[in-house]
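One-letter residues, chain by chain:
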Amino acid sequence: GAVVSQHPSWVICKSGTSVKIECRSLDFQATTMFWYRQFPKQSLMLMATSNEGSKATYEQGVEKDKFLINHASLTLSTLTVTSAHPEDSSFYICSARADRDQPQHFGDGTRLSIL
Amino acid sequence: DQQVKQNSPSLSVQEGRISILNCDYTNSMFDYFLWYKKYPAEGPTFLISISSIKDKNEDGRFTVFLNKSAKHLSLHIVPSQPGDSAVYFCAAKVTGGGADGLTFGKGTHLIIQP
Chain A
9 GAVVSQHPSW VICKSGTSVK IECRSLDFQA TTMFWYRQFP KQSLMLMATS NEGSKATYEQ
69 GVEKDKFLIN HASLTLSTLT VTSAHPEDSS FYICSARADR DQPQHFGDGT RLSIL
Chain B
55 DQQVKQNSPS LSVQEGRISI LNCDYTNSMF DYFLWYKKYP AEGPTFLISI SSIKDKNEDG
115 RFTVFLNKSA KHLSLHIVPS QPGDSAVYFC AAKVTGGGAD GLTFGKGTHL IIQP
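Chains as they are written, first to last, in my numbering: chain A, 9 to 123; chain B, 55 to 168.
Honestly, the hints are just simulated from the structure, not real lab data. The reader is advised that the hints may include incorrect statements.
The calculated lysine to any residue pairs, modelled on SDA-like cross-linking and capped at a C-alpha distance of 20 Å, are [said to hold, decoys possible]:
#1 A:63 with B:154
#2 A:49 with B:154
#3 B:160 with A:111
#4 B:160 with A:50
#5 B:59 with A:46
#6 A:49 with B:93
#7 B:92 with A:17
#8 A:49 with B:157
#9 B:160 with A:46
#10 A:49 with B:94
#11 A:28 with A:91
#12 A:49 with B:139
#13 A:49 with B:125
#14 B:160 with A:97
#15 B:108 with A:108
#16 B:92 with B:63
#17 B:59 with B:125
#18 B:160 with A:91
#19 B:92 with A:63
#20 B:160 with B:141
#21 A:72 with A:49
#22 A:22 with A:96
#23 B:92 with A:119
#24 B:108 with A:111
#25 B:92 with A:110
#26 B:108 with B:122
#27 B:92 with A:46
#28 B:92 with A:28
#29 B:92 with A:11
#30 A:49 with B:141
Put together the whole structure using the sequences plus the hints.
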């Protein structure tokens with residue numbers, strides 16, 4: 009149980025385009041989903057927390073207009089990297105949690121490369 | 055600054071022996087700690103957790119120890135098996151607050167040698 013699917017797993021696109029990443033909880037309802045980013049040889053860094061039906065809470069230093077998060081249902085959250093530039097190239101990974109007493113379960117991540 | 059530190063980037067252990075992975079933290083507000091295991095090209099998988107009201111939690115071959123005064127926790131795996139070879143992440147959070155995302159360490163790559 010507790011499967012989280014993330015799609016796509018790898019994206020290469022030109023600078024200036026927008027990229028949407030989907031995160032789905034397949035066998036449970038996720039009241040809260042989290043988006044993390046990992047640069048090479050660094051730890052996973054929390055970008056934002058989203059609760060179903062409400063606006064996401066962004067961590068300090070994360071631009072909410074650049075990283076648009078939508079959590080429209082209890083099984084789906086999306087992260088859209090708008091007008092992506094090479095410095096946005098990173099590994100993005102989502103997690104989902106049924107409730108506060110449950111651990112977060114992670115997707116397999118998305119490798120984003122902006123040319 | 056790194057609030058959760060895993061100072062050993064890698065650890066090599068012989069099959070059948072005990073693996074001990076260490077983690078230190080600096081934020082005294084952290085009150086819930088988790089260990090995740092990650093294989094290449096996959097997301098982290100939850101292993102075991104511990105609340106700050108406990109000093110030990112055991113689940114099969116995995117035991118997590120928490121020393122609050124030293125702000126230190128460790129994961130013991132015994133006996134170690136080849137399938138345990140992976141990167142292990144220590145994570146911590148503050149429960150009860152509005153934002154409860156996880157703060158991760160950089161991970162320790164555990165290699166189990168036959």
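Quick rundown of the hints versus the structure:
1. A:63 with B:154: holds (15 Å)
2. A:49 with B:154: Violated. Residue 49 of chain A to residue 154 of chain B sits at ~24 Å, over the 20 Å cutoff.
3. B:160 with A:111: Holds, because 19 Å separates the two Cα atoms, which is no more than 20 Å.
4. B:160 with A:50: OK: residue 160 of chain B and residue 50 of chain A at ~6 Å, within 20 Å.
5. B:59 with A:46: The hint holds at about 16 Å.
6. A:49 with B:93: Between residue 49 of chain A and residue 93 of chain B the Cα gap is close to 15 Å, so the pair holds against 20 Å.
7. B:92 with A:17: holds (16 Å)
8. A:49 with B:157: holds (15 Å)
9. B:160 with A:46: Distance of about 10 Å is within 20 Å: holds.
10. A:49 with B:94: Status holds; Cα separation ~14 Å.
11. A:28 with A:91: Status holds; Cα separation ~11 Å.
12. A:49 with B:139: holds (18 Å)
13. A:49 with B:125: violated (24 Å)
14. B:160 with A:97: With a Cα-Cα distance of about 19 Å, the restraint between residue 160 of chain B and residue 97 of chain A holds, given a limit of 20 Å.
15. B:108 with A:108: Within the cut-off at roughly 18 Å; holds.
16. B:92 with B:63: With a Cα-Cα distance of about 14 Å, the restraint between residue 92 of chain B and residue 63 of chain B holds, given a limit of 20 Å.
17. B:59 with B:125: Distance of about 11 Å is within 20 Å: holds.
18. B:160 with A:91: Violated - the C-alpha atoms of residue 91 of chain A and residue 160 of chain B are around 29 Å apart, more than 20 Å.
19. B:92 with A:63: violated (30 Å)
20. B:160 with B:141: holds (9 Å)
21. A:72 with A:49: violated (25 Å)
22. A:22 with A:96: holds (12 Å)
23. B:92 with A:119: With a Cα-Cα distance of about 16 Å, the restraint between residue 92 of chain B and residue 119 of chain A holds, given a limit of 20 Å.
24. B:108 with A:111: OK: residue 108 of chain B and residue 111 of chain A at ~17 Å, within 20 Å.
25. B:92 with A:110: At roughly 19 Å apart (the allowed maximum being 20 Å), residue 110 of chain A and residue 92 of chain B satisfy the hint.
26. B:108 with B:122: The hint holds at about 9 Å.
27. B:92 with A:46: With Cα atoms ~14 Å apart, residue 92 of chain B and residue 46 of chain A stay inside 20 Å; holds.
28. B:92 with A:28: violated (24 Å)
29. B:92 with A:11: holds (15 Å)
30. A:49 with B:141: Within the cut-off at roughly 12 Å; holds.
In this structure, the earlier hints numbered 2, 13, 18, 19, 21 and 28 are contradicted, and the remaining ones agree with it.
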